[in-house]
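Knowing the structure of chain G, use the given hints to seat chain Z on it.
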Amino acid sequence: MLSFIGRSIVQKIITLFFVSIVSFLIIHLAPGEPSQVDPMNPKFTPEMVERFREAFHLDEPLYAQYLYFYRDLFSGKTISWKDNLPVLKKIWERFLNSLPLFIVGTILTWTISFPVGIRSALFRGGFYDRSSTFFAYLLISIPGFFFAYILIIFVVNQFQVPVIGMETFGIGDTAWLTMAMDRIWHLLLPSLLGATGGIAVLSRYVRSQMLEVEGQDYVRTAKAKGLPPDQVHYKHALRNALLPFVTMFGLILPGLIGGSVIIESIFAWPGMGRMAYEAILARDYPVILTINFVAAVLVLVGTFISDLLYLVVDPRIRM
Amino acid sequence: MDVNPHTDSQDYQLDEPLAPKRTRREEFWRLFKQNRLAIAGLVFFIVFFVVAIIGLALTRGKDPVLDPAMVRLQEKLRPPLAKPNFEMLQPNEVPTLGIYVFGTDDLGRDVFARMLQGSWVSLTVGFVAVGIAIIIGIFLGGIAGYYGQRHIRINQLIAAGFLTAGVVLLITDLIWAGAVFLLCGLACILLSFLTKKSARSRTKPAWTRLWYFNTISIDTLVMRFVDIMLCFPSFLLILTVVALLPASIYNIMIVIGLTSWMGTTRFVRAEFLSLREQDFVAAAKALGLSNFRIIFRHMMPNAVAPVLVSATIGIATAILTEAGLSFLGFGVPPPHATWGNILSDGKRFIFDAPWLTFVPGIAILLVVLSFNLFGEGLRDVMNPKLRERN
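So the protein lines, in turn, are chains G and Z.
Each residue of the first sequence is one higher than the last, beginning at 436 in the numbering used here.
Each residue of the second sequence is one higher than the last, beginning at 103 in the numbering used here.
In case anyone wonders, no lab produced these hints; they're calculated from the structure.
Only a predicted model underlies this, so the values are computations on that prediction, with no experimental measurement involved.
Take these hints with a grain of salt, some might be off.
Anything over 10 Å on all C-beta distances counts as not near chain G; from chain Z, calculated [unchecked claim]:
#	residue
1	F150
2	L158
3	L168
4	L191
5	I237
6	G250
7	I273
8	H400
9	P462
10	N474
From the structure, some residues in chain G lie toward chain Z, with a derived Cβ separation under 10 Å [to be verified]:
#	residue
11	S438
12	I448
13	F453
14	T480
15	L497
16	M614
Note that the Cβ used here is the ideal one computed from N, Cα and C, for glycine as well.
Isolated chain G, as found in the complex:
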């Protein structure tokens, strides 16, 4: 167990090192210049451009730039080229904005897809199963931005509530309850949209897992013993079907940062995805690279956690 942990940590660190190199090369070898040092930018004189280039280490060879960047990142001194704010602080603020979306979205995904998946597995081939299958495909296939507009039209016309942004503009100091309701309305649509894909995929996965376990011999034995169906389904079958999903707790971690660029820009939600989008548009290299790095760390930590959970949950793997 300890040797597994040690080996996997070393492996992940090596992977992270290569990720940092690849992302750095992608950004720096692409044609074009950041807008701050673009000689075509009319806002800056050639002298200013020269000064910026020196300040950003852009006049040094690529490997030196790489070392400078990661030295700054690990000592927490990286600053955004666009507004000179510390990148980590910026990311942290945006992260706090994205967090409620992520939490509500995850709760929606996991609470909706399990009942749906289990029910359609139990009534395989029936009307419920077929219609939920079709809806799952529909939700996977619908473009997020289109679905967002359908929901906006629906909610705005039916309930007469504003949904764009994090809260209604100029809501100021009204009653506590009004403010809470306002926040909830604004939170609901983007997190629901973020969850649609997850609901569709996860409910299908739950269904197939459940079907697999229901076909096992021990479930047949339990039925043959004359146990009540609820006990067979939920005690004997479901517990074993849940096994792969425990490990999926680790894999939702990367969703923290990826967020959704499209959903956040439709709803003017100042989250991580929006910040990444703005940074890309402004060619704010430090922000892009930092987000990429943090995302890679989250992916690696997520897979590590899910491996560990597998070890804990499934005694067959443990040596």
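Below, chain Z without anything else, positioned relative to chain G:
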């Protein structure tokens, strides 16, 4: 079940090999037909294919039959199926069909013509991007699965290191240093060939042993590369690269292709690892066939099923990604229509002109849905384990 005339008549001969009653294709089709959703997907996919090709023919060239770029400001935001105001229009501005089938947008352009033009973009992006991904996936997965156990030797590593360093230096405008590194790399390769010949005949000196020291296996190398690529948040990576590169449809195809081959690689590798141990591969090797022939003629047809399924679903994903990019304003430069940018232009008029949102949105939804249903149908048919037992 149809009865084969040979089985019940007397002239049936025992030494005739007992072939299955149905060919593999007939069996496949019989199973596939049972899945009504998948059939619907296939039909719609064919319709989309035909529409995209007709659309390309009708909207391309200097003087197209349906002009997607014709601006008629006096006719803006007409609802679907509206008749044009003939007295307001110049003779060359009158739409060919005499009616705005899907209405007009905020510049008075015919949305029907724009949708036709956009359908070709969606089709080509889907197929080219997935084609690139599949080629890379099969290549890397095949190498990892078939040659996976071989190790990379120090000399190969040094040569590759020199060559990449040379190329990187060349890109960063250091021509002389780059050329020197490239030459060093070539010298390493040459040296390896020479020492190989001499090493075979004589006892090896110590430095050649180091020279041929095994490092990591090819399988590890390829799979770690897959892990590295999987660490990037895919949509952000695509967005970054597309935003940094000049706007063009080909860049989008290539970038989507280059960032979505990891799944295929894993499938192909897994299939190859199990196929490699099977008897027919051993037989092919015993017959002295070349590795190339074994891989492509014998193993690939057996490994193609999961690849085909993931390709079909990959096309759906690629179309969605392209639409998302167009929606954010990247990709195909403006006068050219794509479904994503029709929707993105129309979002400002969402309450006044909802057709600008709904027409492209439903089109994308239907196309992606048809690919997903077709792909899932294929998966069910090709994987006997998932079939319903009855």
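These are the hints, each one checked on the structure:
no.: 1; hint: F150; result: holds (13 Å)
no.: 2; hint: L158; result: holds (22 Å)
no.: 3; hint: L168; result: holds (24 Å)
no.: 4; hint: L191; result: holds (31 Å)
no.: 5; hint: I237; result: holds (21 Å)
no.: 6; hint: G250; result: holds (17 Å)
no.: 7; hint: I273; result: violated (6 Å)
no.: 8; hint: H400; result: holds (31 Å)
no.: 9; hint: P462; result: violated (8 Å)
no.: 10; hint: N474; result: violated (5 Å)
no.: 11; hint: S438; result: violated (18 Å)
no.: 12; hint: I448; result: violated (12 Å)
no.: 13; hint: F453; result: holds (5 Å)
no.: 14; hint: T480; result: violated (25 Å)
no.: 15; hint: L497; result: holds (6 Å)
no.: 16; hint: M614; result: violated (27 Å)
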